[in-house]
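Q: Each chain is listed here by its residues.
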Amino acid sequence: MIKILLFILIFNLSAAEKVEKSETFIKAEAAEKANKAREANIVKKVAEIQNPSLSLTFGYPYLVIQDNAPKYDKDFLSLGIGALMEFKFDEINAFGIVIDSSFTPQHVDFDFQKESKAVGGTTSLLTSFYSFNYLRRVGITDGYEIIGSIGPAVGIYTLNYTQIDKNDTNISKVNRVRVTNYGVRAGVKWRNRITFNYFEIAAIYSVSDKYSVIDDSTNDAEAIENIENATERKTYGLLFNYGFYLF
Amino acid sequence: MRLLLITFLLLSSNSYSSYFDYTDRDHTKGEVVLDQSIVFAGHLSGYLLTQGDTIDKNGSWKKYNEHFLDFKFDNDNTNWNYFGHTYTGSQVYLFYRARGYTRSKSFALSFLSSLWFEAFIENYTEQPSIQDTFNTPVYGTALGFISEKVSVYLLNSDSVYVRALGRIINPFSFMVEQKNVAFVPVYRDPTNYSFMVSFNYD
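Keeping their order, the protein sequence lines are chains L and Y.
In this text, residue positions in the first sequence follow the numbering used here: the first is 1, and each later residue adds one.
In this text, residue positions in the second sequence follow the numbering used here: the first is 1, and each later residue adds one.
By construction, these hints were calculated from the structure, which means they are not laboratory data.
Using 30 Å as the maximum straight-line C-alpha spacing, the simulated DSS-like pairs for lysine-lysine come out as follows:
(1) Lys62/Y / Lys210/L
(2) Lys29/Y / Lys149/Y
(3) Lys33/L / Lys105/Y
(4) Lys117/L / Lys210/L
(5) Lys88/L / Lys33/L
(6) Lys72/Y / Lys173/L
(7) Lys74/L / Lys114/L
(8) Lys71/L / Lys173/L
(9) Lys88/L / Lys105/Y
(10) Lys72/Y / Lys114/L
(11) Lys72/Y / Lys88/L
(12) Lys149/Y / Lys33/L
(13) Lys210/L / Lys114/L
(14) Lys173/L / Lys234/L
(15) Lys71/L / Lys234/L
(16) Lys36/L / Lys88/L
(17) Lys57/Y / Lys210/L
(18) Lys149/Y / Lys27/L
(19) Lys210/L / Lys74/L
(20) Lys173/L / Lys114/L
(21) Lys173/L / Lys74/L
(22) Lys210/L / Lys71/L
(23) Lys63/Y / Lys210/L
(24) Lys71/L / Lys114/L
(25) Lys71/L / Lys117/L
(26) Lys105/Y / Lys29/Y
(27) Lys72/Y / Lys234/L
(28) Lys88/L / Lys29/Y
(29) Lys36/L / Lys149/Y
(30) Lys173/L / Lys57/Y
(31) Lys117/L / Lys72/Y
(32) Lys149/Y / Lys88/L
(33) Lys105/Y / Lys36/L
(34) Lys27/L / Lys105/Y
Pulled out of the complex, with its shape left as it was, chain L reads as follows (with noise of 0.2 Å):
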């Protein structure tokens, strides 16, 4: 009986051990199997026309705003971040949402006409862009497919004084500008065909429409000041993007 006993205790104490061991081996080899069923996924997902996937973008922007181009070392420190929401349709044509914001902590000499007025300084730059785009594969190679797209874009760019040099508009430290526009964007893309990463050129052109003095002096963000039909203004620019998808 003691025997039995004590091979009980024996075999509980190297049973457990091995247990722990396969727990963390099946753990292991379960996560190693999730992984390649998500890898798996993304293909399929990619392939699929009705589902729309999701692929971040991260790059440079240069922009140029009311002719305001980057001048010195500090206004070409841009980020941008956007997202491409994609259906396809088939497997050479999709329809995509694109979303392409940027910010620039300082943009130093940045003149901004307000109609017939303008205040200059060093600001700080948001910019959003959304656009509707259609998008077609117009080539492929062993490694790679080029995607083209084009299609309006409508977004904002806000403007942030933190150094004013000459004023003579009501825009103020406390103010932030944001003004409206629309226009078009298109783009190539070189995407990898297996693990779906791509890099993209793309350019933005478009007009202002109209523009807001906001107030941040509360948390109410209200308008002080709104101008519709504003003087028509141009905003262009260069974005180089490398994209990859989530799923």
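Got chain L sorted already, so can you dock chain Y onto it with the hints?
A: Only chain Y this time, still in chain L's reference frame:
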């Protein structure tokens, strides 16, 4: 007899465990409508609870009709538009994921939920916002995707504190049923036995 003994010993030595991960499944149209309704009710409740002053100050049915589907860019600041909405969007996405929708469908449903909120709820006090309609589901899904991955990793930890962190990051993980993993011994001969692993998905 020996097999039974081994089985008993293994069962008594914590041979059962659980593994946390998402399982996609198909849904009926009724389920989709129900889940959209749940999110709509959640949005409405959150709006009533957090925007009481704005509703009193700016809300009216006249404005509701005037604003209906009249989308424009809002004046909200960057923190709210990019971070606040991204977070709420991620939770909506995680809700749909917890209900068993695929990532793609969760994204599409999040997009619709965002649209319903802007078009049918928020326009009681202000015009529906273009930024919110797109930023909330798109960037929200991206954050939700990352939150899901991180929480799955954390929730499979042996540490209760790490698992608690996983629950905080992804509260809707409570709606995901855990998969039980059983280690069942397979007896071959007196010197050789192995384990069969059984996953329970119910």
